[in-house]
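*Asks:* Residue-level listing of the chains:
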Amino acid sequence: MTVKFPPQSSKKTLVGRQGKSIPSDLALKIHQIMVRSRHIDERMIKMSKSGEAFFWIGGPGEEAFNSCLGLQVKRGKGPEFDYLHLHYRSLATMQAMGLEPAASLRQMLMKRTDRNSMGRNFPGHYAIPEWNVVPVTSVIEVQFAMAPGTALMQKRLSQDAISIVVGGDAGIAEGDFTSCMTWSTRPGLRLPVLMIVTNNGYGISTPHETQHSEKNIIDRGIPFGIPGEVVDGNDVVESWHGIQKAMEYCRTERAPYLLEAQVSRLHGHSSSSGAARVEGEKDCLEILEKHLMAQGLAAREYIEAIHDSAQQEMQEAARKVLAEPNPTAADVPTHTYAPSPVDAVYPVDFDGLPGKGPKGQRDKGGSHGVPGSSSSPGTSLWGR
Amino acid sequence: MTVKFPPQSSKKTLVGRQGKSIPSDLALKIHQIMVRSRHIDERMIKMSKSGEAFFWIGGPGEEAFNSCLGLQVKRGKGPEFDYLHLHYRSLATMQAMGLEPAASLRQMLMKRTDRNSMGRNFPGHYAIPEWNVVPVTSVIEVQFAMAPGTALMQKRLSQDAISIVVGGDAGIAEGDFTSCMTWSTRPGLRLPVLMIVTNNGYGISTPHETQHSEKNIIDRGIPFGIPGEVVDGNDVVESWHGIQKAMEYCRTERAPYLLEAQVSRLHGHSSSSGAARVEGEKDCLEILEKHLMAQGLAAREYIEAIHDSAQQEMQEAARKVLAEPNPTAADVPTHTYAPSPVDAVYPVDFDGLPGKGPKGQRDKGGSHGVPGSSSSPGTSLWGR
Amino acid sequence: MASLVQAVRLALHYGEDKLGVTDIFGEDAGPPLGGIFTATQGLKTAWNSPLDERGLIGMAMGIAYAGGRPVAEIQFCDYGFNVIDLLKIAGNQRWASAGAFELPLVVMTPTGTGIRGSLYHSHSFESWASRLPGWKIVMPSNPLDAYGLMLSAIRDPNPVMVLLPKALLRVKGGEKIPGEPADELELSRRIDAPVGDRSDWIPQWPDVEPYFIPFGKGALTRKGTSATVVSYGRQLPICVQVANELFASGLGDVEVLDLRSIFPYDWSLISQSVAKTGRVILVNEDTEVTNFGEHLYRRIVEEFFYDLLAPPVLLAGKHVPGIGLNQEYEMNTVPQAREIREALVKLLEVQP
Amino acid sequence: MASLVQAVRLALHYGEDKLGVTDIFGEDAGPPLGGIFTATQGLKTAWNSPLDERGLIGMAMGIAYAGGRPVAEIQFCDYGFNVIDLLKIAGNQRWASAGAFELPLVVMTPTGTGIRGSLYHSHSFESWASRLPGWKIVMPSNPLDAYGLMLSAIRDPNPVMVLLPKALLRVKGGEKIPGEPADELELSRRIDAPVGDRSDWIPQWPDVEPYFIPFGKGALTRKGTSATVVSYGRQLPICVQVANELFASGLGDVEVLDLRSIFPYDWSLISQSVAKTGRVILVNEDTEVTNFGEHLYRRIVEEFFYDLLAPPVLLAGKHVPGIGLNQEYEMNTVPQAREIREALVKLLEVQP
Ligand SMILES: Cc1ncc(C[n+]2csc(CCOP(=O)(O)OP(=O)(O)O)c2C)c(N)n1
Ligand SMILES: Cc1ncc(C[n+]2csc(CCOP(=O)(O)OP(=O)(O)O)c2C)c(N)n1
Ligand SMILES: [Mg+2]
Ligand SMILES: [Mg+2]
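Protein chains in written order, with our numbering: chain A, 125 to 508; chain B, 125 to 508; chain C, 296 to 647; chain D, 296 to 647.
Hint data in this document are derived by calculation from the structure and do not stem from the laboratory. Don't be surprised by glycine CBs; every beta carbon is placed ideally from N, CA and C. Careful: at least some of the hints might be erroneous.
[Claimed, not checked] Some, not all, of what chain A presents toward chain B, calculated at C-beta under 8 angstroms: (1) THR302; (2) THR309; (3) PRO311; (4) ILE346; (5) PHE348; (6) GLY349.
[Unchecked claim] In silico negatives: residues of chain B with every beta carbon more than 10 angstroms from chain A: (7) LYS173; (8) ILE328; (9) ARG424; (10) ARG443; (11) LEU446; (12) ASP475; (13) LEU477.
[Unchecked claim] Label-pair restraints from in silico Cβ distances: (14) C:TYR601 to D:ALA488: 57 to 67 angstroms; (15) B:SER397 to D:ASP495: 19 to 29 angstroms; (16) B:PRO311 to D:ALA488: 43 to 53 angstroms; (17) B:LEU281 to D:ALA488: 47 to 57 angstroms; (18) D:ASP495 to B:GLN142: 34 to 44 angstroms; (19) A:LEU446 to C:PHE600: 46 to 56 angstroms; (20) D:GLN646 to B:PRO449: 41 to 51 angstroms; (21) C:PRO505 to D:PRO647: 45 to 55 angstroms; (22) B:SER282 to C:PRO505: 31 to 41 angstroms; (23) B:GLY202 to C:ASP492: 33 to 43 angstroms; (24) C:ARG485 to A:GLN439: 43 to 53 angstroms.
With the hints as extra help, turn the sequences into a complete structure.
*Replies:* In structure tokens, the structure reads:
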């Protein structure tokens, strides 16, 4: 990234819809992440149409909220840091956390170098152990069943890390959304789970309001005593403060909180539905840029330069990634099992059915010897 | 039943805890059902201890509420009548609806004559098509997923029948409890589902308040706009009116309602936990009898006569039922499939694996002829 | 010629019109989309549901209890794994009530690989489904069969699951649906929703005719004498193609059976073919440990042990936790034409 | 001698004490009950959960992600059918993340018939479980094996499911758990919670010792030469008894293998025995369509087609929607000693 931030007086701030503000350098940082994220998604949409890749799903329209989220994560590995149980639209969250743009392309292009899954999983399905980003699944809402587990371990540490779980508005109909609340509010054992619902108004083609009577999604927390807030996810300032307040609550109260972000879906559900740009949806990036210019925090030229730079970065990344290797047949079974000291068949990893893998072939004919009955020496008394 | 009701002036009423009342003849009818239900359960508990039967689960402690429920059901077959999606503690509900006491014993004793399941299912697991009592399963809370389906068909009829679903307090942690609310409140399509939770304070050994932060279970309806009430299920008058009001709402509004009945569990969870009488739990039957006597509606002798009569009835029923036949090996596969005009293998019922049942044996060797390819005459064009 | 998904749609229309179907529903099943694969476009009883598969199956059960005839779509079979309990219960309600309750319901769901669906849109479901006593399970391999099996599913008074091979949904058949317009483009004009705004669109259904394929009737798709291939769904046309190539190369005349019904399966068809050829290969793409093909394998060996000229062969998906997105994964996880050919050649070479 | 459920409890205690177990939880798993079968009585990390199996498995996954070592109990395997999706996901997390995430978690659950559990407390789970790639699945048939398999389940860094045969939970073993007190009554006094109020009770754990039974190691429970029985769990002792009776009657000397691990299974043990005897019978009580035994059946025929002296036999549960409460149902649904005997006698009589 070669563009320099325009010099900012430390006093300058971006003022949001409701009068709150954030420092202008933060606003510009968020802007840069949003631009980059948008370019990555747009590039990936192109790839899905050109046939370079099969499937796209991503987060255009959620960049404002997700950038603010990613920047406020306590990033690291282990229960002293935040856990992220994400939805598949979290590209900007990952960008804000520091993922290199090429990582998304590797995923999109199913390269062996894809750090998330070695070309196995869809784009947007992150898995980053260094940052506690547990594997994103396509199975809607299961992440809500898992989040209380990481939060329980965090609660025991008496530090300030929390478990952040993100899902869509349609997904709240699955029972797992409720399970998360039940398990996070057990009497005497409330858990630091930040439950986020990004409400884009749709589940694929189905409008939210045709299936849901809940006035606000956060009302679902009422019976469980879970506080919450609805924020305009298209407004950077509101998003930033909404997330800040929510995290503050979870970090200090060690209890759950519900945050609903009203966001846009700018390109339809996924490449399956064509991924054409949708008319009439608010664009958080345009909104931010308008505000930056109107409030004198950035000039049009600066903004264009940021875009150009992101574009260029994408092109370079694409060129590089396209040349990277694909997985091969040998990659099919690997990483199924962690090495185990107590497994006679798969001490290292899965390598085919018992007696069929390379190791099994070795075994065949009885290098094991006939194992003894449970009392015979054939059964090991390891660890003695 | 040989005992006559004591003559009642039509004005006489039973007054409940909160000043409401019900006519005394109704109170005595309820009392009679409660007594009979209690005797059935106690008889069954004895049988489970004597080894005559294997397993008991039932409703001692829920008779007041359940009798009031059963008496107010719009009983019959088909969507013009109420559907019942019951929990396994509904013995008194069924008694109030008119089930003969021997039916419970047949179930307990796993007789071939058991009308619910032919000796296949546990006691308390009713299945009575004439009264829309769909099969009770042991799988906690699944009935809540099904109730909106019957209610949808009822809604379309524009009559007053409703779907009544009953579960325990621990079961509300399963997602199906929420599914019921989601599917019953779809915008423009609220469904007449009466959701009842009998709160006995426990799931087996686990106290409700150790796992649940919801102040009242009915609060779970708030986000969905589902009204509700908590009633003292040990008080007949309160139960009667609570159910009446709830049904009235569902029948006229054609919308869901949540009713929580605080009940007792007088004999532990089931025979698995010994089914010994529990100390210190309020007994709705004792309470009712005290009130009947205190308010001059029944004398001790009358009450004793009712008990004696129920006792006697039980003894006679047991004698009769014990002599009834058991299922046999031939009963194992029957009633798996309904007869089908489009099934070449199981036109009548399941009779073993394809080619193995009596019919299959007939087929073997090719009485079917080699079936043709999809365009050949071997494929039927039925119905032309 | 109608595609498989058009055939399903025509069958559902016939079901609404003539067989009493009251509700066709699922996530995105109603307007405007009419199903992510378009299976439910334009149908008058189709409606969108909440995103909740447990509610979906529960709803279908409730409708069926109360005299309706529901067809519920699970958007991908991959999302049916949290309702196995409800499916088991739907399958046992008649048995549990000793015949008192029937549940005439249809669940349809796309299954298998072939749309580059990665981990969560590539599962096979037939091995799981075959473990649900009380259900009937079918899987068509062509549009006409899809039509005929779907009609039977609707008419049958028991729970029936229709597994639709994802990879074949857009593939056109070799035979017309009875009543299908002569012109394929006309069919599309009449029953495919227009691109863009479709709020005023009404389909012009052709007068399709009744055509019921009975459960438990497979199809002898390719007659032969040298060996028997038992398959269904997506793998079926691949097996036929391989058999034709082998025949053209003079390597053998292989019989290919399309099971169509997973349960009940057509034992008569299988056993007569195996008795004739003495060589059998079972092909499907579900994972290979506790695979439905292994059930058939067992039945075949039990009954034809002394008649078999070679050990039967199962070709199935590898026992791995998922099917990866990059095609290298899929191609090396589920059987491909090349492997089927190699296995058949080897099978034909075995000297008894 | 410890019963099977006491052995599980001792193993869990060892796990808490020495192997880093952080959480043992499930419905009624904590005080006062300590599990409806008493498997978790007196354990310091045992706690009660809400009645929600999905939350339960999700919680276990979360704990494992965050460095804990959870043991989750599903109260009956019959109540695990709404979490198959989560189990599948737990099994794929390492594969999906190309080795980045491990999920060292144990799920234990009672399985099978024998406690007169009727429709919803009699299910078998091993055939379902064997279809979960990424998992290891074990099922002990005696207390010592339960101890050794449970310790391995805890130590293994992958998801492991321990299926506990309901019918054997209270059965005592023939061998001591290493470190078990000599006197059986003493063991009970030390580790069984007292009847009645137990709020002040603290168990006096004996110093049990490490004893790991590796996964994929079956046991040759009865050596023999005439035929091979492959079984596990509840059916195992029945098979041994039948084999002993046959031997006593001079009808044959049957070898009985206790698989112990369902996956990975001990192929070496099975193949050597089958190669020796040429006759094999697989016995389990799961339903017979797409049954795990059919997988082994297939493997055996594939590899020993020419060595087999008779067609292999599978004895399994009938393909019916449930197991009825009246014992007539159960006895005519899952294999009984009489049927095993008859099948073995027939198998031994077959002339190759
Ligand atoms: C359990 C499950 N059911 C169905 C699907 C198919 N599906 C994928 S995304 C989606 C809609 C999700 O909507 P929402 O939760 O609002 O998230 P959004 O995509 O709008 O961000 C559906 C139905 C799925 N992935 N998982
Ligand atoms: C899905 C499921 N999980 C677990 C069980 C085992 N079980 C049977 S009853 C019960 C407790 C139910 O408590 P509650 O819902 O309060 O009903 P109650 O028995 O107290 O009336 C449990 C856990 C079950 N039957 N179904
Ligand atoms: Mg959405
Ligand atoms: Mg309760």
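*Asks:* With a cut-off of 8 angstroms on the beta carbons, see whether GLY349 (chain A) makes it to chain B.
*Replies:* 6 angstroms, holds
*Asks:* Go through the hint on THR302 (chain A) and say holds or violated, using the shortest Cβ distance to chain B against 8 angstroms.
*Replies:* THR302 (chain A) check passes; min Cβ-Cβ to chain B is 4 angstroms, inside 8 angstroms.
*Asks:* Does the no-contact call for ARG424 (chain B) survive, Cβ to all of chain A over 10 angstroms?
*Replies:* Correct as stated: the minimum Cβ-Cβ distance to chain A is 44 angstroms, above 10 angstroms.
*Asks:* Tell me if the beta carbons of LEU281 (chain B) and ALA488 (chain D) are separated by a distance inside 47 to 57 angstroms.
*Replies:* 54 angstroms, holds
*Asks:* Quick check: does the Cβ-Cβ distance between GLN646 (chain D) and PRO449 (chain B) fall within 41 to 51 angstroms?
*Replies:* Given about 43 angstroms between the Cβ atoms, the range holds.
*Asks:* Verify this label for me: LEU477 (chain B) is non-interface relative to chain A, using a Cβ-Cβ cutoff of 10 angstroms.
*Replies:* Holds, since 26 angstroms exceeds 10 angstroms.
*Asks:* May I ask you to test the hint 43 to 53 angstroms on the CB atoms belonging to ARG485 (chain C) and GLN439 (chain A)?
*Replies:* Roughly 46 angstroms apart at Cβ, these two residues keep to the hinted range, so it holds.
*Asks:* Confirm or reject the statement that ASP475 (chain B) sits farther than 10 angstroms, beta carbon to beta carbon, from all of chain A.
*Replies:* It holds; ASP475 (chain B) is separated from chain A by about 35 angstroms at its closest Cβ, greater than 10 angstroms.
*Asks:* Examine each Cβ of chain A, and state whether all of them lie more than 10 angstroms from the Cβ of ILE328 (chain B).
*Replies:* 17 angstroms, holds
*Asks:* Under the criterion of a CB-CB separation shorter than 8 angstroms, is PRO311 (chain A) in contact with chain B as hinted?
*Replies:* Since chain B brings a Cβ to about 6 angstroms from PRO311 (chain A), closer than 8 angstroms, the hint holds.
*Asks:* Using the Cβ atoms, figure out if SER397 (chain B) sits within 19 to 29 angstroms of ASP495 (chain D).
*Replies:* The hint (19 to 29 angstroms, Cβ to Cβ) holds, given that SER397 (chain B) and ASP495 (chain D) are roughly 21 angstroms apart.
*Asks:* In this structure, is the beta-carbon distance linking ASP495 (chain D) and GLN142 (chain B) contained in 34 to 44 angstroms?
*Replies:* Taking Cβ atoms as reference, ASP495 (chain D) and GLN142 (chain B) lie about 41 angstroms apart, which means the hint holds.
When each numbered hint is compared with the structure, no violation occurs for any of them.
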